[in-house]
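Protein chains: 2
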Amino acid sequence: MNDSYALAVHGGAGTMRRGAMSAARAARYHAGLRRALQAGRDILAAGGGALDAVAAAVVALEDDKLFNAGRGAVFTTAGTQELDAAVMEGRERRAGAVAGILGPKNPVLAARAVMEHSPHVLLIGEGAAALCRKHGIAFAEPGYFRTPSRWRALREMLARRTRGLAGEGEDDDERRHGTVGAVARDRRGDLAAATSTGGITGKLPGRVGDSPIIGAGTYADNATCAVSATGDGEFFIRFGVAHEVAARIRHRSESLAQAAGTVIAELGRIGGSGGLVAVGRDGAPALPFNCSGMYRGYVEANGVVRTAIYDEPYRAG
Amino acid sequence: MNDSYALAVHGGAGTMRRGAMSAARAARYHAGLRRALQAGRDILAAGGGALDAVAAAVVALEDDKLFNAGRGAVFTTAGTQELDAAVMEGRERRAGAVAGILGPKNPVLAARAVMEHSPHVLLIGEGAAALCRKHGIAFAEPGYFRTPSRWRALREMLARRTRGLAGEGEDDDERRHGTVGAVARDRRGDLAAATSTGGITGKLPGRVGDSPIIGAGTYADNATCAVSATGDGEFFIRFGVAHEVAARIRHRSESLAQAAGTVIAELGRIGGSGGLVAVGRDGAPALPFNCSGMYRGYVEANGVVRTAIYDEPYRAG
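Chains as they are written, first to last, in our numbering: chain V, 1 to 317; chain X, 318 to 634.
Note that these hints are calculated values from the structure, not bench results.
There could be a bad hint or two in this list.
Facing chain V, a subset of chain X residues (Cβ under 10 Å, in silico) [stated by the list, open to error]:
no. : residue
1   : G396
2   : E399
3   : L419
4   : L439
5   : A446
6   : L448
7   : P522
8   : H560
9   : R565
10  : R569
11  : Y627
12  : Y631
13  : A633
Think of the CB as a built atom: it goes at the ideal place given N, C-alpha and C, for glycine as much as any other residue.
Same shape as in the complex, but just chain V:
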């Protein structure tokens, strides 16, 4: 029996120009990823469950305004924030998700409440908020989620659209692909995945991406793997990316690395930009992406935390 634990996280992927990011800013991303990995690792190392670990890691990323989830989420064209999140555990493949909410401080905990306190998998809008209130999930004031940099990103984008320059200058990776997520294997061999996002700057109100869609942005099955994705959400939904990785392992006996790498490469060939983090039954992580970077990290078997942004050597922390 393999009783090692495993954990990987992402903080979004996209077209990231190295030159545009200062060393100080990169260091803040590394630090944010490290904090999330440490939060999850401490639970797993102590024999805690995979679901608790991914929830703790995602809470840390939601609380960090650098990442597009929870505090620091992006804005819709209407200037609102609408948050989505999902969790899934691999033993019974139970799942919970929320979409289009603003209220629960940590959307990932709202998703977990849906899984644990309702017969449903996905709750949207006010119905999700009502369930969270009933079960004591912490709320935050609307102002808590807003940050000046996300507001500026919306205004700049709307100005570009007004000038008919839609698409140009939109190489802000967080605008396009901001999402956070975590996958884990605990010492008992249980897998879990969690994903959380503010979506994309300038999305239509009511738009739901792949993050809260079980099988698209989030999936976990002890028999195969746990997956959390980030990228062009609509592509990830249409191609069922997270479920497809699991399906290739089950039906083709591919390794996790093969399956995850193939799916992300195929997606890239048809124009779907992004990546994912995954852990397999045996705990081996995979962190493929088909764009210039993905904020990401994992915990080594010895407990050392490793983080990276571009196609570059991982930093130990």
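On the provided structure of chain V, position chain X as indicated by the hints.
Just chain X now, kept in the frame of chain V:
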């Protein structure tokens, strides 16, 4: 080149006691299914597209108050109606879906509007309604969707819950599994799928089932099959039923009948009740279910329409 067309529809599945349904009531279900099949068949026979055909078939079922979609949708615990729908076409695997809406007369056309008039796949609530208004989708007054029998079903269910009898007497198949859907192959070999539902009586407000979740209740890919499912929605989401049927064909080279039959049988073994309709690349239909009945039908190669409710010989119409 196989230029034959194919079409199959369902109007929900569940635990249906034959004794509880009069011959007259059964005849109304057969007639409703026949109208939907004829609407789609006329388009396909004339060389029309699969997407147009599944939309026409689902519109016919939404307009029929016998079925739990559009007019005649069931009620939430709050006494509201919240409709979900999705469409997908198999050539480029484009998709559109709506959830938690009440306004557009035919939710399936709202889903199609999302696919054709937005960069998104899934829009919920007011955002979806706004897009529909902008693109001239027909709306109906709230009263249009309400029927006395659905209202009675909610009141009876709430009364049972009050008496602590949750679960008992709940063998009303429509309450549990009411959904409508259609799948088609047109003469050019393009596939499409569409699904629409009011959900389940007494669902929490904000609950979204599998119907509008691409890969769960709805999927289409010219390389494999088109699928529309009906059943315990949460199970269908967690197991990615529609995508799993396609995955088994792609990765294991199973026939559509094998893949669809296996997935529905496996789901039944773990307690997930329901069924699906599907057509494959070659146009062969499959209509498996693991419960006592599924309102369903298909069009034979000669254009004859066949419908059935239980595990019984199909009626030609």
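Quick one, is the L439 of chain X hint okay against chain V at 10 Å, beta carbons?
holds (4 Å)
When the least beta-carbon distance from A446 of chain X to chain V is tested against 10 Å, hint result
holds (8 Å)
Close enough to count: is the Cβ of L419 of chain X nearer than 10 Å to one in chain V?
violated (13 Å)
Holds or violated: the hint that E399 of chain X contacts chain V, with Cβ atoms closer than 10 Å.
Given a least distance of 8 Å, the restraint on E399 of chain X holds.
So, as I understand it, the hint says H560 of chain X touches chain V; can you test that by seeing if any CB pair is closer than 10 Å?
holds (4 Å)
Satisfaction of the R569 of chain X interface hint, Cβ to chain V closer than 10 Å:
Constraint on R569 of chain X satisfied, holds at 5 Å.
Go through the hint on A633 of chain X and say holds or violated, using the shortest Cβ distance to chain V against 10 Å.
This interface hint is violated because 37 Å lies over the 10 Å limit.
Y631 of chain X as an interface hint toward chain V, with CB separation required under 10 Å
violated (32 Å)
Checking hints one by one. Is Y627 of chain X an interface residue toward chain V, by the C-beta closer than 10 Å rule?
Constraint on Y627 of chain X not satisfied, violated at 27 Å.
Return the status of the interface hint for L448 of chain X: holds when the least beta-carbon distance to chain V is below 10 Å, violated otherwise.
holds (7 Å)
Next item in the hint list is G396 of chain X. Is there a CB on chain V closer than 10 Å to its CB?
This hint is violated: G396 of chain X lies away from chain V, its Cβ roughly 13 Å from the closest one there, beyond 10 Å.
Interface hint compliance - P522 of chain X to chain V, C-beta minimum distance less than 10 Å:
holds (4 Å)
Violated hints, in rising order: 1, 3, 11, 12 and 13; the structure is consistent with all others.
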